[in-house]
Amino acid sequence: MLRRGKTLILVALAGFALVLGGCRVADNPQRSPNDPSSGALVDAPNDWDGKEVTFTGEAIGELMVRGGKAWIHLNDDAYYLKNVEEGAHLGGYNSGMSVWLDTELAREIDIFGDYKLQGDVVTIVGVYNAACGEHGGDMDVHAETLEITAPGRPAEDPVTTGKLLWAIGLAVAAGGLYALSRSWDSLSRHGSRA
Amino acid sequence: MILRPRKQDHLLIGKYTGKIVIGVGLLMVIPLITSIVFQEWDTAVDFVISMSACFIFGFGTQIVCRTERDLSWSHGLVVASGSWIVATIIGALPHWLSGHEGSYLDAMFDVMSGYTTTGLYLMQDLDHISHGLNMWRHLLTYAGGQGIVVIALTFLFKGTAGAYKMYVGEGKDERLLPNVVQTARAIWLVSLTWLVIGTAALFGTGLLLGQEPVRAFLHGLWVFMGAWSTGGFAPQSYNTIWFHSLSYEVICIVIMIAGSLNFALHWALWTGNRKELRRNVETVSFTVTLVVTTLVATFWLAKSGVYPDAMSLFRKAFYQLASGHTTTGFSTIYSKAFISQWGPVGMIATMIAMAIGASACSTAGGIKGVRIGIITKAFLQDVRKMISPESAVVRAKYHHIRGILLEDGVVRGALMITVAYMTMYALTAFVGTLYGYPLVTSMFEAVSAGSNTGLSCGLTDPTMPDLMKVLYIFVMWLGRLEFMSVFALIGYGYSMLRGR
Numbered sequence: 000m001l002r003r004g005k006t007l008i009l010v011a012l013a014g015f016a017l018v019l020g021g022c023r024v025a026d027n028p029q030r031s032p033n034d035p036s037s038g039a040l041v042d043a044p045n046d047w048d049g050k051e052v053t054f055t056g057e058a059i060g061e062l063m064v065r066g067g068k069a070w071i072h073l074n075d076d077a078y079y080l081k082n083v084e085e086g087a088h089l090g091g092y093n094s095g096m097s098v099w100l101d102t103e104l105a106r107e108i109d110i111f112g113d114y115k116l117q118g119d120v121v122t123i124v125g126v127y128n129a130a131c132g133e134h135g136g137d138m139d140v141h142a143e144t145l146e147i148t149a150p151g152r153p154a155e156d157p158v159t160t161g162k163l164l165w166a167i168g169l170a171v172a173a174g175g176l177y178a179l180s181r182s183w184d185s186l187s188r189h190g191s192r193a
Numbered sequence: 000m001i002l003r004p005r006k007q008d009h010l011l012i013g014k015y016t017g018k019i020v021i022g023v024g025l026l027m028v029i030p031l032i033t034s035i036v037f038q039e040w041d042t043a044v045d046f047v048i049s050m051s052a053c054f055i056f057g058f059g060t061q062i063v064c065r066t067e068r069d070l071s072w073s074h075g076l077v078v079a080s081g082s083w084i085v086a087t088i089i090g091a092l093p094h095w096l097s098g099h100e101g102s103y104l105d106a107m108f109d110v111m112s113g114y115t116t117t118g119l120y121l122m123q124d125l126d127h128i129s130h131g132l133n134m135w136r137h138l139l140t141y142a143g144g145q146g147i148v149v150i151a152l153t154f155l156f157k158g159t160a161g162a163y164k165m166y167v168g169e170g171k172d173e174r175l176l177p178n179v180v181q182t183a184r185a186i187w188l189v190s191l192t193w194l195v196i197g198t199a200a201l202f203g204t205g206l207l208l209g210q211e212p213v214r215a216f217l218h219g220l221w222v223f224m225g226a227w228s229t230g231g232f233a234p235q236s237y238n239t240i241w242f243h244s245l246s247y248e249v250i251c252i253v254i255m256i257a258g259s260l261n262f263a264l265h266w267a268l269w270t271g272n273r274k275e276l277r278r279n280v281e282t283v284s285f286t287v288t289l290v291v292t293t294l295v296a297t298f299w300l301a302k303s304g305v306y307p308d309a310m311s312l313f314r315k316a317f318y319q320l321a322s323g324h325t326t327t328g329f330s331t332i333y334s335k336a337f338i339s340q341w342g343p344v345g346m347i348a349t350m351i352a353m354a355i356g357a358s359a360c361s362t363a364g365g366i367k368g369v370r371i372g373i374i375t376k377a378f379l380q381d382v383r384k385m386i387s388p389e390s391a392v393v394r395a396k397y398h399h400i401r402g403i404l405l406e407d408g409v410v411r412g413a414l415m416i417t418v419a420y421m422t423m424y425a426l427t428a429f430v431g432t433l434y435g436y437p438l439v440t441s442m443f444e445a446v447s448a449g450s451n452t453g454l455s456c457g458l459t460d461p462t463m464p465d466l467m468k469v470l471y472i473f474v475m476w477l478g479r480l481e482f483m484s485v486f487a488l489i490g491y492g493y494s495m496l497r498g499r
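The listed protein sequences derive, respectively, from chains A and B. Per numbering that gives the first Met the number 0, the first sequence starts with residue 0, numbered consecutively. Per numbering that gives the first Met the number 0, the second sequence starts with residue 0, numbered consecutively.
Next comes chain A alone, as it looks inside the complex (with noise of 0.2 angstroms):
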């Protein structure tokens, strides 16, 4: 009896475990489009101190204004030309960098990227600072110059029939425990009255 339910624990922590490792592949073959991307920045910061870089990315999350200038943040990580929610497989972190300009050249950005937003792709060009000065050592690029050079969209994540189906069934089925669970408390209650 002991050791058959050893056996049991062992092919449960086996089946579990295979259901842990059953991976969705992260095999996304889109790279940066910029050199030195993001990544190569931020791993040899020295070598691209003070320098003018090209810098092409998804406009991301939001313009935040600052008077005359703004900051906004590009990607140019796997998902800079479509994102998991369209359907893009895995590709790693997030990677990208921040980026100061003229508010001015900010606002030609239509779309910026969030759940529902594929935002633009832009490349600019300015000049990268290790840890900028007048930001308090941020790592930033001073843009000089912006261009579009794809346009957002709108990203559709439809829900899918059999996952509606899912959740129908288990609010049904944990609906009718809840009612059980009440209905055999009330009873054991009428009970030790009893």
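These are computed hints drawn from the structure, not numbers from a lab. Remember, predicted model here, so these are calculated numbers, not experimental data. Just to be clear, a hint being listed does not mean it is correct.
[To be verified] Here are the simulated lysine-lysine pairs, BS3-like style, with alpha carbons at most 25 angstroms apart:
| id | chain 1 | residue 1 | chain 2 | residue 2 |
| --- | --- | --- | --- | --- |
| 1 | A | Lys50 | B | Lys302 |
| 2 | B | Lys335 | A | Lys50 |
| 3 | B | Lys274 | B | Lys376 |
[Claimed, not checked] Which chain B residues stay away from chain A? Per the calculated CB distances, all over 12 angstroms, these:
| id | residue |
| --- | --- |
| 4 | Arg68 |
| 5 | Asn178 |
| 6 | Leu191 |
| 7 | Thr286 |
| 8 | Ser387 |
| 9 | Arg401 |
| 10 | Gly402 |
| 11 | Met415 |
| 12 | Val439 |
The beta-carbon is built from N, C-alpha and C at its ideal position, and this holds for glycine as well.
Using the hints, position chain B against chain A.
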């Protein structure tokens, strides 16, 4: 002789674990509503599935595990640690269903990191996730900071004597009020008050920084949750570099430090005892070690000439060190900049700050300031004994809410847990080096995971070996619950197999 647990023991543990998982399911109402408000239908369906799974487990156990017994100490410890595992397995469903995780193990990693307020993550393409999922990530860490048992105690328990044992099992031992349920509610009162003030401050600052009102509010709320819980999750992959703002950083530092203070200290301040802030052994210890580690890092960074001026240098050094010492994990530098810019000395200073951590009975992790304070006092007491006449009686005291005589038992307890943490850090780092990572890198990441900090120098990555992911999940859990209840659960499992 080890006694095998009886059916009644399993029923009791199942019943209370189920209640806590129901609490996790109820928590999912908030991200579900968020998804509906922002019309993120796929995410909303994910949360319906996940909530249903929680309720099926929770109500299922209430039906199957019917018992009126109260919890003993070992039951309380097993429920506390076991429920964190079950809550992690089921709580990982929204992450997994989102399609942003490489495997279910990665999803569990992120959820355990959230509950334990660590802040390391394996989620990919974070910058394109829904508001609902982002709300869940931050809510996890906010709830985990108070403790998921505390949540269940607040809303789902009627105050059994055994409830205190679960509360202790979650790594908290302060009774702010005589009743443990009232204590749990007091913790929530403090946390929710700070939530309102902190979110308002960050929201207002976000607006001034050029954020749209909705984003400013959501970012303010989430960054508050990340800071107060000392979790370190942030809504964008850039973490708090995103804001490029000194004022935002200052507010974050205030919230991080507040979150890292003992809830008993908060309660003392709440009830008018302001002197406690400068007398408490934990705040004194924290201040000293924060100043020393910041000075070391600043000296090194100044010597290396990484930052162009004194203001930038101090701003970067103090922010990362305060974040590390409070075990928050927010950063205003890129992860790999720890290696490429800060170098080994800067990393070691940060590592020491993370290893020590902040206050006991707070949202923070690490060895804790109170233990460092006690060990230091005991050391000084021994030195005084050595230089005093043999007949002299040398006594030492430390102040925590009240003056407490330093006794051998207290020192032994502090030393034991300190040694346990150091061993955990060392063994985890050792495994990293076996996989070929450089020593300082694997030490940094091991301390960060074990102290529930979440600062990363780039080792933590979706492509890291699965065994290291499992190990990090284990040490995050072990570090957060401070060993005893995890050992109780392991002992329970062992006695099921080997007991008579």
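Results of checking the hints against the structure:
1. For the suggested pair Lys50/A and Lys302/B, the alpha carbons sit about 23 angstroms apart, so the restraint of at most 25 angstroms is met.
2. With a CA separation close to 20 angstroms, the supplied pair Lys335/B and Lys50/A stays within the 25 angstroms bound.
3. For a cut-off of 25 angstroms, the pair hint linking Lys274/B to Lys376/B stands: about 21 angstroms separates their Cα positions.
4. Remark: the non-interface label on Arg68/B is consistent with the geometry, its nearest Cβ contact in chain A lying 14 angstroms away (cut-off 12 angstroms).
5. No beta-carbon of chain A is positioned within 12 angstroms of the beta-carbon of Asn178/B; the least distance is around 24 angstroms.
6. For Leu191/B, the shortest C-beta to C-beta distance to chain A comes to about 27 angstroms, beyond the 12 angstroms cut-off, and the non-interface label holds.
7. Residue-level check passed: Thr286/B sits 24 angstroms from the nearest beta carbon of chain A, beyond 12 angstroms.
8. The claim that Ser387/B lies off the interface holds: its Cβ sits roughly 50 angstroms from the closest Cβ of chain A, which is beyond the 12 angstroms cut-off.
9. Every CB of chain A is more than 12 angstroms from the CB of Arg401/B (nearest about 42 angstroms), matching its label as outside the interface.
10. Under the 12 angstroms C-beta cut-off, the non-interface status given to Gly402/B relative to chain A holds; the minimum distance is some 43 angstroms.
11. Even its closest Cβ contact with chain A, about 31 angstroms, leaves Met415/B beyond 12 angstroms, as expected for a residue assigned away from the interface.
12. Here Val439/B stays apart from chain A, with its beta-carbon at least about 16 angstroms from theirs, past the 12 angstroms limit.
Every hint from the earlier list agrees with this structure, and none is contradicted.
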